[in-house]
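Q: Sequence:
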Amino acid sequence: MFERPKSGERAILVEVAVGERLSQDQIDEFEELALSAGATICASLTGNRQSPNPRFYIGSGKVEELGALVKEHDADLVLFNHELSPSQERNLEQQLRCRVLDRTGLILDIFAQRARSFEGKLQVELAQLEHLSTRLVRGWTHLERQKGGIGLRGPGETQLETDRRLLGQRIKQLKRKLDKVRQQRDQGRRTRRRAEVPTVSLVGYTNAGKSTLFNRLTESGVYVADQLFATLDPTLRGIDLGEGQRAVLADTVGFVRDLPHELVEAFRSTLQETRDATLLLHVIDVSDPNRRDRIRQVARVIEEIEADEVPQIEVFNKIDLLDEQPRLQRDETGRPVRVWVSAQDGRGMELIIQALRERLATDMARGRLRINADEGRLRAALYEENAVTQEEPDGDGGWIVDLALPRRTFLSMCRRENIDAERLEDLPCAPRDRYLQSRTVA
14 MFERPKSGER AILVEVAVGE RLSQDQIDEF EELALSAGAT ICASLTGNRQ
64 SPNPRFYIGS GKVEELGALV KEHDADLVLF NHELSPSQER NLEQQLRCRV
114 LDRTGLILDI FAQRARSFEG KLQVELAQLE HLSTRLVRGW THLERQKGGI
164 GLRGPGETQL ETDRRLLGQR IKQLKRKLDK VRQQRDQGRR TRRRAEVPTV
214 SLVGYTNAGK STLFNRLTES GVYVADQLFA TLDPTLRGID LGEGQRAVLA
264 DTVGFVRDLP HELVEAFRST LQETRDATLL LHVIDVSDPN RRDRIRQVAR
314 VIEEIEADEV PQIEVFNKID LLDEQPRLQR DETGRPVRVW VSAQDGRGME
364 LIIQALRERL ATDMARGRLR INADEGRLRA ALYEENAVTQ EEPDGDGGWI
414 VDLALPRRTF LSMCRRENID AERLEDLPCA PRDRYLQSRT VA
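Oh and the sequence shown: position 278 is 291 in my numbering, straight run, nothing missing.
It cannot be assumed that every hint is accurate.
Derived DEER-like restraints, expressed as beta-carbon distance ranges [unchecked claim]:
#, residue 1, residue 2, range
1, D387, P99, 49 to 57 Å
2, S36, E363, 33 to 41 Å
3, D41, G380, 49 to 57 Å
4, D41, G74, 24 to 32 Å
5, R178, G380, 28 to 36 Å
Straight-line C-alpha distance at most 20 Å; calculated DMTMM-like pairs for lysine to aspartate or glutamate [to be verified]:
#, residue 1, residue 2
6, K84, E138
7, K193, E138
8, K75, E33
Hint data in this document are derived by calculation from the structure and do not stem from the laboratory.
We treat Cβ as the ideally placed atom computed from N, Cα and C, and that holds for glycine.
Working from the sequences, and respecting the hints, build out all of it.
A: What follows is the structure, given as C-alpha cells:
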C-alpha cells in the first residue's frame, strides 16, 4: 500500500483501443480534457486489445512500459481515457506508485474547477462523492481494517466503515439541498409558462461556440474561452425577438463524448432547462471535420436526458473560418431548420432572430379546450404545467379552459390521457391581458 499524493500535474496519458481502432479525434479530445484540467502532458501510451485486462485494464507488458515512462518523466499522475473499475485503479496505483485517474474522474475534476454557482458546486460535489463511494477500497493506508492485537480487540467501527457512513450522510445532505434548489428552478419555469414566455436552450458539443453566441444574442458577459467546459453553470437571459415576442435564452453545459453517467444524473436539474425548453438551438462547429460525429454524440445525450422530442434549429457556427456566407435554410413545409452564422463577428444574428420568431410562433399550443366532468386528471395535469390562463364551468360538471403551453407538451399529454388533440379550439378575439389570469385548482 502507499499514500496517494495530494497534488500533481505531470501526467502520462493512456489510450488503448479495445475491439476497435482509436481515431485521432478521440486522442485529440482526451489531450484537450487533460489540458483543461491543468495537467502538464509528459508522454502518451497507446495500444490495442481485444478486451480489457480484468486486473489492470491494459496488459502486464504495457504496465511495465507505463511504469518506465512514469519514472523517466517523474510523473505523479496517470490519466486513462477509459472508465476503470475500482480494483483496476487500485492495482495500477500499487504497481505504478503514483495516482491513477480514469476519464470520469478527470471530467469530474474539470467540473469542480468550473463550478461557480451554489447549485453547480453542490452538483459537482454530489457527483464526486457518488463516484468516490464505489472506490473506498483504494490505496490509502488509513482505510485498512483494524488489526487485532493486545489492546485493540473489541467492538468498534473501522476507518473504512466510518468513511462510508460519513459519505452516505453527506450525499443525503447534498440531495436535500439540491431538492430545494430544484424547487426554486421549477417555480421559475412555472412563472415563465404562466407569463407565456418560451424558453430557448442552447445545446451542443463543448467548445462549439455556445457561450459566444449567447453573449452575442443577449449582450451578456458570460465567460468564454477556447477550452472544453469553459462554462458550467446555466445562465438565463431575456431576449427580444421583435414584433412583440420575447423569449428566455438558456446557456447550458457543453456535451462531450461518453459523458459520465454520474454527471448526467447529478446535473439532471441543470439539464432540465434543456428538457423543458420550448425550442433547442443546436450549435455546431461547422469548421470541425468531425462535426457529424459531434452531432451524433449530442443527439445521444439529448436522448439520455429525455429531451429528444423538443423541436430543434441547427446553428452552423464559425462560418468565418470557412469563408461561408450567412443563410437560413428551411424544410419542405417552409419552417426554419438551419442557420449559418458566425458568433465571433456577428454575421447572421438577424437570421437566428427571424428563425426563433417564426418557430416560437408555431411551436406553442394556444386555444380553448372543453374538459368533461370525468377528465379531472387532465385538468389537474394542465394546472400542474401552469398551462391554464382562464377557466369557467360549462354547466354540465365540466370546464372550459383557455390554454397556452408548448405544443409538444400538449401532444404528449393528449397521448397520455388518450384524448384527441383536435379538441383544442381557436380562442376568440379578446384583450391579451384577460388570458394572463390564472386560478387555483379547486
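Q: Please go over all the hints and tell whether each is borne out by the structure.
A: Now for the hints, and whether the structure bears them out:
{"no.": "1", "hint": "D387 / P99: 49 to 57 Å", "verdict": "holds, 54 Å"}
{"no.": "2", "hint": "S36 / E363: 33 to 41 Å", "verdict": "holds, 37 Å"}
{"no.": "3", "hint": "D41 / G380: 49 to 57 Å", "verdict": "holds, 51 Å"}
{"no.": "4", "hint": "D41 / G74: 24 to 32 Å", "verdict": "holds, 26 Å"}
{"no.": "5", "hint": "R178 / G380: 28 to 36 Å", "verdict": "violated, 55 Å"}
{"no.": "6", "hint": "K84 / E138", "verdict": "violated, 33 Å"}
{"no.": "7", "hint": "K193 / E138", "verdict": "holds, 16 Å"}
{"no.": "8", "hint": "K75 / E33", "verdict": "holds, 18 Å"}
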